[in-house]
Structures are given as structure tokens and as C-alpha cells.
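A.B. asks: As you go down the protein sequences, you meet chains A and B in turn. Under our numbering, the letters of the first sequence match residues 118 to 310, in that order. Under our numbering, the letters of the second sequence match residues 118 to 310, in that order.
The hints are simulated quantities; they were obtained by calculation from the structure and are not laboratory data. Warning: the hint list may mix true and false statements.
When chains are identical, the list treats them as one kind, so a pair holds in a single copy or across two.
[Said to hold, decoys possible] Below, computed lysine to aspartate or glutamate pairings styled on EDC-like, alpha-carbon distance capped at 16 angstroms: (1) K293 to D192; (2) K273 to E163; (3) K119 to D210; (4) K119 to E251; (5) K273 to E261; (6) K127 to D210; (7) K293 to E193; (8) K273 to E193; (9) K293 to D126; (10) K127 to E163; (11) K237 to D192; (12) K273 to D192; (13) K172 to D262; (14) K172 to E251; (15) K167 to E251; (16) K273 to D262; (17) K127 to E240; (18) K172 to E261.
2 protein chains.
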Amino acid sequence: MKFCSDCGDKVNLEVPQGDNVLRHVCSACGMIHYQNPNMVVGTLVEHDHKVLLCKRAIEPRYGLWTLPAGFMENDETTMQAAQRETREEACADVELVQLFTMFSLPHINQVYMLYRANLKTPEFSPGPESLEVELFDEANIPWEDMAFPVIAESLKLFFRDRDAGHFNTWTGAMIKQDNNPPVFNVELLGDND
Amino acid sequence: MKFCSDCGDKVNLEVPQGDNVLRHVCSACGMIHYQNPNMVVGTLVEHDHKVLLCKRAIEPRYGLWTLPAGFMENDETTMQAAQRETREEACADVELVQLFTMFSLPHINQVYMLYRANLKTPEFSPGPESLEVELFDEANIPWEDMAFPVIAESLKLFFRDRDAGHFNTWTGAMIKQDNNPPVFNVELLGDND
Numbered sequence: 118m119k120f121c122s123d124c125g126d127k128v129n130l131e132v133p134q135g136d137n138v139l140r141h142v143c144s145a146c147g148m149i150h151y152q153n154p155n156m157v158v159g160t161l162v163e164h165d166h167k168v169l170l171c172k173r174a175i176e177p178r179y180g181l182w183t184l185p186a187g188f189m190e191n192d193e194t195t196m197q198a199a200q201r202e203t204r205e206e207a208c209a210d211v212e213l214v215q216l217f218t219m220f221s222l223p224h225i226n227q228v229y230m231l232y233r234a235n236l237k238t239p240e241f242s243p244g245p246e247s248l249e250v251e252l253f254d255e256a257n258i259p260w261e262d263m264a265f266p267v268i269a270e271s272l273k274l275f276f277r278d279r280d281a282g283h284f285n286t287w288t289g290a291m292i293k294q295d296n297n298p299p300v301f302n303v304e305l306l307g308d309n310d
Numbered sequence: 118m119k120f121c122s123d124c125g126d127k128v129n130l131e132v133p134q135g136d137n138v139l140r141h142v143c144s145a146c147g148m149i150h151y152q153n154p155n156m157v158v159g160t161l162v163e164h165d166h167k168v169l170l171c172k173r174a175i176e177p178r179y180g181l182w183t184l185p186a187g188f189m190e191n192d193e194t195t196m197q198a199a200q201r202e203t204r205e206e207a208c209a210d211v212e213l214v215q216l217f218t219m220f221s222l223p224h225i226n227q228v229y230m231l232y233r234a235n236l237k238t239p240e241f242s243p244g245p246e247s248l249e250v251e252l253f254d255e256a257n258i259p260w261e262d263m264a265f266p267v268i269a270e271s272l273k274l275f276f277r278d279r280d281a282g283h284f285n286t287w288t289g290a291m292i293k294q295d296n297n298p299p300v301f302n303v304e305l306l307g308d309n310d
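Hey, can you work out the whole structure from these sequences and the hints?
C.D. replies: And the structure:
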């Protein structure tokens, strides 16, 4: 951010009075421009003991597999966002069951929320942002071709909970370590019991 | 938003190619400025069978009661945000137990997350944004002087779950109706069982 979105003048990085964080503050009108994390919301759809994955037709991670998910928009709820993204990316109409994972990804200022969901009708196909949409059983998940670590982590928790016979709502964070290739520390708050 | 935060030129409202939502698009450099909901994160602290409330020392709702909560910042996790806000507003050091409620408030483009938490030490006092910080038992909750409907709703769910002997993680939305005074429809996704 270089310019004030309200008056067009230059912004400076400074700590406003009563604050303790550097903010973009307009040098002319004084407006403080706060920057906050974004929510990415989607679904983990189970059907016939399989899960629905989408092969990405867009960057980043073109050609790799993910769950249907995307940025939450203004004027909608997290549940509406999850259903909308599933419709857009997998042409699937779903009923939400439960918030399953909510992971903070502080290195990219995102919070990733995935809801467990069921297909209302057994129909799905690639939307414009997907190359393929397919149901996978656990044995055939393309673990080596997953687009994002947070998706792989959520799928692992899903299969673990399914084996245990009880689905939790997991809240946690994936903390990027200084490694190349990137390695994440997964922090989980614990289950709900 | 009237000006591009990247180049300072004027922005127009238009639907970018491949999109279906009106966005602020720069007339000069073409940058699309997405606007997304913000997260408000806080805690519902229980101690000695009482809950910790803060009386607001700031607008909006100066002088009314709320739970310690505030906007999530970049570079932190939702859990860190919840603990930070509790430190700032109630000078209390807490251990998080569980995500308890997550309510979408689409009329103000916020998602409100409250974690159940315990005091690490039995110490608390008003931070700069609070006039008072007090423990209330259920019978003495100042229901008529609550700052925000989402806080009252979360407290009701807390006492209901405590009576039932099991705390869920509630995901829902509060949909503002066209009433004056404002009335909300509370949508809940259901419990985790």
C-alpha cells in the first residue's frame, strides 16, 4: 500500500496514537488503513466413503489436487461461502454437516476453514477453475500431488477421525519453518470432548 | 474506496473478466482491490463457575458489557489473537480450551470467533479499552446492557451447553432483519455429534 484509498495522497508506515502496530496512515487525511487476514472457506465432501477432490486449472499450483475452497466474500456467511465455492469449483450442490478444520496460516495471513459436507444429488463436474473433479477413496488420495499442505493436513485428520468413529472440530495453525522445501509445524488446540 | 492504493489513480466499480462480483478496479494500473470480511476473535473465560465480562471504555457501545475480543491482526493465529485481546482488554492471561462459537455477521462483514478459555492465574483488571472487568454468575449477567447481540447469543449457548454437560463448537450466522430496534435471525449449523 502506497496511496490512501480514500483521498489518493501518500501513506506512511507509523504507529498511531494508542496503538502498538505499524499501520499505513494517510499523510493528508490521517486515515488509518488496517490490514487483516483473509478467510478461505471450502468443503470436505464425503460420498460413498470417498472424498471429492478438484484438480486446479489455475495458478498457483496448476494441475495439483485440492478441496473446493476460496476467498470468502463480503455480504455472505462462512456457510454460504463454502457452498458457493463448492458449486463454482466442483459444480456440486452440498449440504454442510459441521465445521471440521480451521487452520491459521500466519505466513500468508489466511485462515482456512473447511466444512464437512454431503452431496445433495450425486452430481459434480469441473467448474472453470478445475481441470477434473473426482471422488477418491483413502487408498488412492494423490498425496504427492496435493496443492496445499493445509489440505493434506485436513484430509489426514478426516481419515483419522473417521477411523475413530467421531469427527471433531479442529482448530489450529500451520507454522512455516525456515526450510526449503517448506516444512510446517502443525499446532492443534485439541478435540471438543 | 475511491483511489488505487498501489498507484494513487481513481478506481471504478466494475465486474472483472471471469468474475461475477463488482470490484474496485484501478482505471490506470488495472489492479483489482478485493474486499473481504474481517475476523473478530476473543474469549469466553470461565472461572469459579462465573464468566469474565468487560465494560467497554470505547465506542461503539461505550459503557455496555462484552467479552474480550477484537480484530485479528496479520502475522498471528486466531488463538494468538484471542489471547492477545484478552490480555489487552482484561489484563488476563488465558489458556484456550476450544473454539466455542463462530458467527458470521454478514450485515457488517465480520466473522466473530469466541474460544472457551481458563485463567492461568486468577488475575484480571481493566485494560485501556475497558472501564471494568468482572466475573458474573449466570443469574447476574447484565443481559439488558450487553454491547452486541452476538455476545449475548454466545453466552446463552454457553449456559445451555454447560447445563447439558457438553460443550459444542457452534457455527452459525446472525442475519439482521429489517426491524427497528434491530432483530436477528440466528442460524446454527448444529452440534458436532
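A.B. asks: Next step is simple, just say for each hint if it's right about the structure.
C.D. replies: Status of each hint after checking the structure:
For the homomeric pair K293 and D192, the shortest alpha-carbon distance between copies (12 angstroms) is at most 16 angstroms, but the shortest distance inside one copy (31 angstroms) is not. With identical chains, the CA atoms of K273 and E163 are at most 16 angstroms apart within one copy only, with a shortest distance of 14 angstroms there and 32 angstroms across copies. In this homomeric assembly, K119 and D210 never come within 16 angstroms of each other (Cα to Cα): the closest approach is 41 angstroms inside a single copy and 37 angstroms across copies. When the C-alpha separation of K119 and E251 is checked against a cutoff of 16 angstroms, the pair qualifies neither within a copy, at 43 angstroms, nor between copies, at 43 angstroms.
Taking identical chains as interchangeable, the C-alpha atoms of K273 and E261 lie at most 16 angstroms apart only when both belong to the same chain, with a minimum of 13 angstroms there against 45 angstroms between chains. In the homo-oligomer, the alpha carbons of K127 and D210 never lie at most 16 angstroms apart, since the shortest distance is 46 angstroms inside one protomer and 39 angstroms across protomers. Taking the closest pair of Cα atoms, K293 and E193 come within 16 angstroms of each other only across two copies (12 angstroms); inside a single copy the shortest separation is 30 angstroms, beyond that limit. With identical chains, the CA atoms of K273 and E193 are never at most 16 angstroms apart, being 29 angstroms at best within one copy and 24 angstroms at best between copies.
With identical chains, the CA atoms of K293 and D126 are never at most 16 angstroms apart, being 36 angstroms at best within one copy and 36 angstroms at best between copies. For a Cα distance limit of 16 angstroms, the shortest separation of K127 from E163 qualifies neither inside one copy, at 50 angstroms, nor across copies, at 46 angstroms. For the homomeric pair K237 and D192, neither the shortest alpha-carbon distance inside one copy (24 angstroms) nor that between copies (38 angstroms) is at most 16 angstroms. In this homomeric assembly, K273 and D192 never come within 16 angstroms of each other (Cα to Cα): the closest approach is 32 angstroms inside a single copy and 26 angstroms across copies.
Taking CA atoms no more than 16 angstroms apart as the test, K172 paired with D262 passes inside one copy only; the shortest distance there is 9 angstroms, against 51 angstroms between copies. For a Cα distance limit of 16 angstroms, the shortest separation of K172 from E251 inside one copy, 8 angstroms, qualifies, whereas the shortest one across copies, 52 angstroms, does not. Taking identical chains as interchangeable, the C-alpha atoms of K167 and E251 lie at most 16 angstroms apart only when both belong to the same chain, with a minimum of 9 angstroms there against 50 angstroms between chains. For a Cα distance limit of 16 angstroms, the shortest separation of K273 from D262 inside one copy, 15 angstroms, qualifies, whereas the shortest one across copies, 45 angstroms, does not.
In this homomeric assembly, K127 and E240 never come within 16 angstroms of each other (Cα to Cα): the closest approach is 51 angstroms inside a single copy and 44 angstroms across copies. In this assembly of identical chains, K172 and E261 lie within 16 angstroms of each other by CA distance solely inside one copy; the values are 13 angstroms within and 52 angstroms between copies.
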